[in-house]
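Engineer: Listed below are the residues making up each chain.
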Amino acid sequence: MSANIRPSGVFDTSYAQDIALNRTRTDKWLSNGLFVVLLLLPLLSSEGPLGLNIVPSLWIGTLNRIAIFVIAVQGLNILTGYCGQISLGHAAFMAIGAYTGAILGRELGMTFWLALPVAALVTGIVGLIFGLPSLRVKGFYLAMATLAAQFIIPWLLRYPLEPLTNGSRPLDVPVPNLFGISFAADGAMFYIIIPAAVFLSLAARNILRSRVGRALISVRDNDIAAEQMGINVFNYKLLAFFVAAMFAGIAGCLSAYNTNSVSLDTFLLDQSIAMLAMLVIGGAGYPLGPLFGVTFVLLLQQIIIPALIPPLNNVLPGLLPFINPVNIYAALSPLIFGLALAIFLVFNPRGLAHRWEIIKIAWKLRPFSH
Amino acid sequence: MEDSTVKLHVDNISLSFGGIKALQSVGFSVQHGQIVAVIGPNGAGKTSLINSITGFYRPQIGAIRLDGVDITHLPPYKRAQLGIARTFQNIALYTNMTALDNLMAARHIHMKANALTAALFYGPARREEIANRERVEEIIDFLEMENIRKTIVGNLSYGLRKRVELGRALALEPSLLLLDEPMAGMNVEEKEDMARFILDIHERQKMTIVLIEHDMGLVMDISQRVVAIDFGIKIAEGTPDEIKQDEHVIKAYLGQEVQPENAADLQAVSE
Ligand SMILES: Nc1ncnc2c1ncn2[C@@H]1O[C@H](COP(=O)(O)OP(=O)(O)OP(=O)(O)O)[C@@H](O)[C@H]1O
Ligand SMILES: [Mg+2]
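Those protein sequences? They're chains A and B, same order as listed.
Sequential numbering from 96 applies to the first sequence in our numbering.
Sequential numbering from 17 applies to the second sequence in our numbering.
FYI, nobody ran anything at the bench for these hints, they're computed from the structure.
Warning: the hint list may mix true and false statements.
[To be verified] Derived coverage of chain B by chain A (criterion: at least 3 residues anywhere in the stretch with Cβ under 8 Å from a Cβ of chain A; other residues may be distant):
{"hint": "1", "region": "63 to 74"}
{"hint": "2", "region": "81 to 93"}
{"hint": "3", "region": "198 to 205"}
{"hint": "4", "region": "213 to 223"}
{"hint": "5", "region": "236 to 242"}
{"hint": "6", "region": "247 to 255"}
Note that beta-carbon positions come from the ideal geometry of N, C-alpha and C, so glycine has one too.
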């Protein structure tokens with residue numbers, strides 16, 4: 096009901112218009128314009144050729160990180176948000192993509208442009224294998240099965256594959272190149288990462304409004320009915336695992352080439368849980384959920400919490416003399432993070448994207464609020 | 017081998033869950049274009065019978081044939097592709113989708129898009145969306161649900177959800193429609209609408225329909241044949257008039273050999 100509100104006075108005149116993403120010309124200009132402005136940002140930073148310093152170059156790095164996680168969480172959204180299969184192994188899939196991309200570049204000298212799709216495919220296949228338990232188990236039990244991936248994959252990368260992965264130590268990753276242009280700086284990687292995030296987000300959005308997306312949601316909403324309505328439920332569960340892992344693989348590979356280094360401890364269970372948190376906060380099952388959730392969580396983790404810690408660290412030890420100040424300091428970040436999430440979810444149980452829909456409807460229906 | 021006028025042949029199926037014998041050697045056949053009603057008291061095995069036809073349950077003994085083809089070992093989704101569609105006794109819609117999307121989801125077997133073509137949503141994938149949307153809109157018109165098209169079905173009234181479920185089954189364009197108590201829990205007006213839709217579908221599309229219904233009055237009005245089961249055993253089969261007179265049926269419903277005075281009695285006892 097809510098997804099199809101148009102501004103007062105705008106009527107769809109064909110089914111083609113009814114299913115379009117941008118239903119009005121204004122929508123189209125807005126979204127295209129936003130994309131162009133985004134692409135201009137690095138040019139306005141100190142890294143740009145114009146020598147301007149309007150946009151802090153720190154922002155570019157932050158935007159890259161956000162975009163990489165948007166890709167990963169878009170994948171998780173397809174698996175968990177649309178298809179209803181919970182995964183606790185998403186960070187491990189990112190690791191597969193990161194290491195596959197890195198090793199292909201290092202050992203085989205493969206160009207980044209080929210390593211990226213190969214890494215995506217390899218990760219997709221690994222995801223498919225770890226999705227096999229979904230044939231038999233659901234919900235909590237499936238989460239446990241995917242947890243196995245989260246332990247097995249990093250272990251494999253750390254020990255048996257150490258000669259290739261450098262084990263627990265960071266692995267250097269080459270710099271992508273295109274016709275002699277080097278993508279070493281954040282400002283350059285921006286032009287790979289942002290279009291990739293936009294393209295993959297659109298792809299996810301398109302899947303959602305097609306036969307495939309409806310099949311995935313059918314499986315989530317009622318797998319028993321779906322099977323009897325002609326949908327091969329198991330195939331679609333596996334497809335969801337494959338696509339989700341592929342997105343994670345792309346995100347992992349991009350992050351490896353973005354920082355020119357991979358290390359295992361960025362792909363552990365806490366990261367898998369953080370991505371689930373991003374999805375839930377942003378709104379699972381909403382196309383914009385990943386963007387909202389990732390932005391919120393990364394800003395919270397990287398800007399808001401670091402700003403809160405020094406003042407709290409000055410006050411709290413005095414209030415809690417019985418706790419070792421060192422322990423207080425160590426607990427602050429996860430504590431604030433957890434608290435923020437809990438408070439947030441109490442007020443926005445359906446996520447930011449849902450709230451956004453409500454705001455959008457109110458805006459489009461103006462001046463008639465009914 | 018099979019009589020070519022037979023659409024569905026339930027060939028003496030037996031189904032048990034552990035110690036519970038839900039169906040015991042139940043057999044009957046349905047002619048092309050017929051409406052057959054299945055009746056029986058609560059727990060008789062009616063839903064189990066439908067579930068066995070769709071493949072959700074697997075009878076341990078016996079066979080199911082559709083148009084003479086043995087489908088006993090096919091999974092449910094393949095049977096749907098062969099033309100079997102159903103509604104559920106306890107509505108099983110896709111709760112978070114709109115009514116329109118519930119119907120569009122049922123067009124699955126008539127569409128081709130895969131993850132890749134869907135992701136690009138261009139050319140054939142887009143045309144396919146529009147063509148199937150047109151088919152679905154015809155069903156929406158037919159079932160008079162234009163104004164609930166874009167309502168999330170979880171927010172609809174019980175009667176309307178039942179109607180959306182019928183629409184979803186029709187969107188599969190089946191050749192055999194299985195309806196599990198399509199009118200249960202509805203008010204008189206909704207029941208009349210539903211009966212009208214079922215008769216319309218039957219008339220216009222020559223659809224073969226198997227229908228579970230408790231209301232004997234309705235069964236008499238709509239169906240051409242009736243199969244009665246009790247405790248998993250077929251106790252009678254015949255025309256509605258024959259069934260009304262059948263002593264086994266009367267016994268099953270009343271637990272004693274009393275002639276029911278009218279159809280309402282049968283229903284009252286069964287609920
Ligand atoms: N999945 C199952 N597991 C165990 N027992 C089942 C299952 N499904 C059905 N049964 C049993 O099989 C018998 C027949 O049930 P069924 O649902 O087919 O009856 P019904 O005729 O549809 O009844 P109602 O009029 O209440 O819908 C019942 O005893 C029921 O408990
Ligand atoms: Mg039943």
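Engineer: Are at least 3 residues of the region 81 to 93 of chain B within less than 8 Å of chain A when you compare beta carbons?
Structural biologist: holds (count 3)
Engineer: At a Cβ distance under 8 Å, does chain A reach at least three residues of the region 236 to 242 of chain B?
Structural biologist: Our answer is that it is violated, as 0 residues pass the Cβ test (under 8 Å) against chain A, missing three.
Engineer: Tell me whether the statement that chain A covers the region 213 to 223 of chain B is true, taking a Cβ distance below 8 Å and needing three residues at minimum.
Structural biologist: violated (count 0)
Engineer: Using a Cβ cutoff of 8 Å, are there at least 3 residues of the region 247 to 255 of chain B near chain A, or does the coverage claim fail?
Structural biologist: n = 0 at 8 Å, threshold three: violated.
Engineer: Are there at least three residues in the region 198 to 205 of chain B whose beta carbon sits under 8 Å from a beta carbon of chain A?
Structural biologist: Contact hint for the region 198 to 205 of chain B vs chain A: violated, 0 residues under 8 Å.
Engineer: Mind checking, does the region 63 to 74 of chain B have 3 or more residues with a CB under 8 Å from chain A?
Structural biologist: holds (count 3)
When each numbered hint is compared with the structure, violations occur for hints 3, 4, 5 and 6.
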